[in-house]
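*Asks:* Just so you know, the sequences run in chain order Z and W.
The working numbering puts the first sequence at residues 522 to 796.
The working numbering puts the second sequence at residues 193 to 298.
Mixed in with the good hints, there may be bad ones.
As the list claims (entries may be wrong) - Here are the in silico distance ranges between beta carbons for each label pair: (1) A251(W) x L611(Z): 26 to 32 Å; (2) Q677(Z) x R227(W): 32 to 38 Å; (3) H574(Z) x A255(W): 51 to 57 Å; (4) R669(Z) x L294(W): 22 to 28 Å; (5) S711(Z) x V200(W): 41 to 47 Å; (6) G263(W) x L722(Z): 30 to 36 Å; (7) G287(W) x F671(Z): 37 to 43 Å; (8) V217(W) x L722(Z): 39 to 45 Å; (9) V200(W) x V750(Z): 37 to 43 Å.
Everything labelled a hint here was simulated from the structure, so no lab data went into it.
Model, not experiment: these values are computed from the prediction.
Think of the CB as a built atom: it goes at the ideal place given N, C-alpha and C, for glycine as much as any other residue.
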Amino acid sequence: MEDPDGRGGRRSPRLLPVVTKDVAACRWTVGHMTNPTLTAVPSGWQPAVRADHRQLRRDAVRDIAALSPGIVSFGVMLGVTVVSTGTGRLAGVLGAALVFGGSAQLTTLTVLHLGAGLLAAVLSGIVVNARILLYGAALEPRFRHQPRWFRLLGPQFIQDQTYLSASARTDYSPAEFRRYWGWLGFVLLSVWTCSVVAGVLAAPLLPPLPHLGLVGAALFVAMLVPRLVDRTSVIAAAVAAATALGLVHLVPTLGILGGTTAGVLAAMMSARSTS
Amino acid sequence: MTTVVAMVALAAACWFLRILLIVLVPADRLPARVRRALGHLAPAVLAALVAVEADATAAGSDAVTAAMVVGSLLLAGLAMRATGSLLLAIGVGIGAALAIDLLPLA
Chain Z
522 MEDPDGRGGR RSPRLLPVVT KDVAACRWTV GHMTNPTLTA VPSGWQPAVR ADHRQLRRDA
582 VRDIAALSPG IVSFGVMLGV TVVSTGTGRL AGVLGAALVF GGSAQLTTLT VLHLGAGLLA
642 AVLSGIVVNA RILLYGAALE PRFRHQPRWF RLLGPQFIQD QTYLSASART DYSPAEFRRY
702 WGWLGFVLLS VWTCSVVAGV LAAPLLPPLP HLGLVGAALF VAMLVPRLVD RTSVIAAAVA
762 AATALGLVHL VPTLGILGGT TAGVLAAMMS ARSTS
Chain W
193 MTTVVAMVAL AAACWFLRIL LIVLVPADRL PARVRRALGH LAPAVLAALV AVEADATAAG
253 SDAVTAAMVV GSLLLAGLAM RATGSLLLAI GVGIGAALAI DLLPLA
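Bound-form chain W, shown alone (with noise of 0.2 Å):
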């Protein structure tokens, strides 16, 4: 129940920063620094989320499996810098990680 009830406060908290900045203080009061600064939010919070990911997959693995974690990233990047290919750079995301997890070798 108590689990239930954090789900809850949880998504009305969620809701409530959601529409903040949208029917409450709505952005175009927000100085103009500060609006000009949204448009370099896309590649900064991908970027953090990328590192965060990362870390937290590689947690506790040994070397070569931190390796393959951070080379299967890299080379998702390449492939989709090649290519422009969103669906074959996640292929590539879970092709590591079958192959970190089910293979012996790794």
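One chain only, chain Z, in its complex shape (with noise of 0.2 Å):
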């Protein structure tokens, strides 16, 4: 569970570059079954590309075993929170599988819980979620080259753990690339799902745990921290910080958008200032 680069996983083992490169080639290939003349490749060639895809699932997998227990923290505070709420359990099981992003459910199921309207509640968690869209445009390029069913369907998996993972393996081809984050998505929305129904399950039984989103805090804490490289990215965060904390007590449900803008630009004027 080492993670000596700081990037909640190890990249995949390379092979010499060129052979890598006409592999990865080929793979693309094979995904798109554009070329029958790939019946003529030589028989080691196969057991090479189906040990490789072993080795993308086994790099999500990794990716998300060290940020398990973060997420598993808050999915067991998300369940116990639907349970103590009296929001449904239904409810929050079906949320946590389709909406697969803790904060924006557990905005909505607040909001719902402190009296407002369907459209507020779902409004609050939106805004709380528009992240999201950042996150889409930031990893649009990698999904720029796939099928068209991938790019509707592949995107469901965007959130915080899937997009910081994800752009940090920057060597993968396009067909490499859609099995890992296949994997990746698969895996962390097992993780959290079942996280979510043993905190329902385990609601009755647990003592009040009110400070257990530290847990998650200290998660991001530790992915943050290899990311502070430069000045520019200690200033993004300084910024980003500072003004999250400043309103979120004004409007809560912009904290953390507002406090991603005001970093990114921090970190955008400061880059011009320096060049």
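Both chains come to you apart, so use the hints to assemble them.
*Replies:* In structure tokens:
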């Protein structure tokens, strides 16, 4: 479970550069079934490709395993909250699987619990989760050369942990990314949904743990530290944290989005003045 | 029933947000300045998440608990910086959460 590069996982072992490039190209073609001459490739190629598929799955599982303690604690907390607020076990579990965004789901359930209308509750959740719009923009180059079905369905797995894990793995071909992303999303969705179910089931047995959210915060701190690599990234983080902290007391649903936007703008200004 | 409808509606809206800049308005059509800005997204969003999570965790707590929340996050950051172990940093968070909630002195 060690993570020496601090990115929540390890890279695939690399072959010789030229061979890797050829294999990647070959895989891309196989994935799209466009080259019938591939039947003529040496028999040794197929096991190598299959082994690499396993490697992609291992990469995804490792990435999620490294993040699991934070994900599980947040999922359990959400499940416990669903029971304690009486907002409905079915809605809690269904929402975990469909929304795939804990903070947005928690916000919507809380706003409903406080007596607001359906539209207000859903809008609050959307605002809290608006950062996935930015994740989508940042990940777009990875989806650009994918089949249409994947471009429509694959983004459903976009959220904090999948964005951060995938953005650290830049050397995958489109076919490799598709497999990696599929496993990443599937494993995370399984861990997340099971955690919420566990929270729902265990809620009557657990003592009150109001500070369990600290585990999620520690996870984000651990993911942030390796990304503070230069002055610009430190400015982005400092301005984002300060703005989010100030904004969350004024407009709670805008804390994360507002802080993020301010941090990115500050980083842009810093980068411009440096250059 | 209202809650289930809310979850389905929220899921649909989130899916739309997810595909918007991938399928409907691909990000390569965005201005170059915006695309460059996305390079700074990860540290900014993580710091904002930390700030909001820490604030929510410490909300309504006494000064000692709030100090423990902040201190444990600093400790998690130092652990990550020193060892590079994500698990150790999260372990600090788990230990602090259990200590605050279960130990009588906290």
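*Asks:* It remains to establish, for every hint, whether it holds in the given structure.
*Replies:* Hint by hint, here is what the structure shows:
1. A beta carbon spacing of about 29 Å between A251(W) and L611(Z) agrees with the range 26 to 32 Å that was offered as a hint.
2. A C-beta distance of roughly 23 Å is found between Q677(Z) and R227(W), which places it outside the suggested range of 32 to 38 Å.
3. With their beta carbons about 54 Å apart, H574(Z) and A255(W) fall inside the hinted range of 51 to 57 Å.
4. A hinted range of 22 to 28 Å for the beta carbons of R669(Z) and L294(W) is inconsistent with their spacing of about 51 Å.
5. Range check, S711(Z) to V200(W): Cβ separation about 21 Å, and the 41 to 47 Å hint is violated.
6. The beta-carbon spacing between G263(W) and L722(Z), approximately 33 Å, falls within the hinted interval of 30 to 36 Å.
7. One distance hint, 37 to 43 Å for the beta-carbon pair G287(W) and F671(Z), holds here, with the actual separation near 41 Å.
8. A hinted range of 39 to 45 Å holds for the C-beta pair V217(W) and L722(Z), which are about 42 Å apart.
9. Restraint check, V200(W) to V750(Z): a C-beta distance of roughly 41 Å satisfies the suggested window 37 to 43 Å.
In this structure, the earlier hints numbered 2, 4 and 5 are contradicted, and the remaining ones agree with it.
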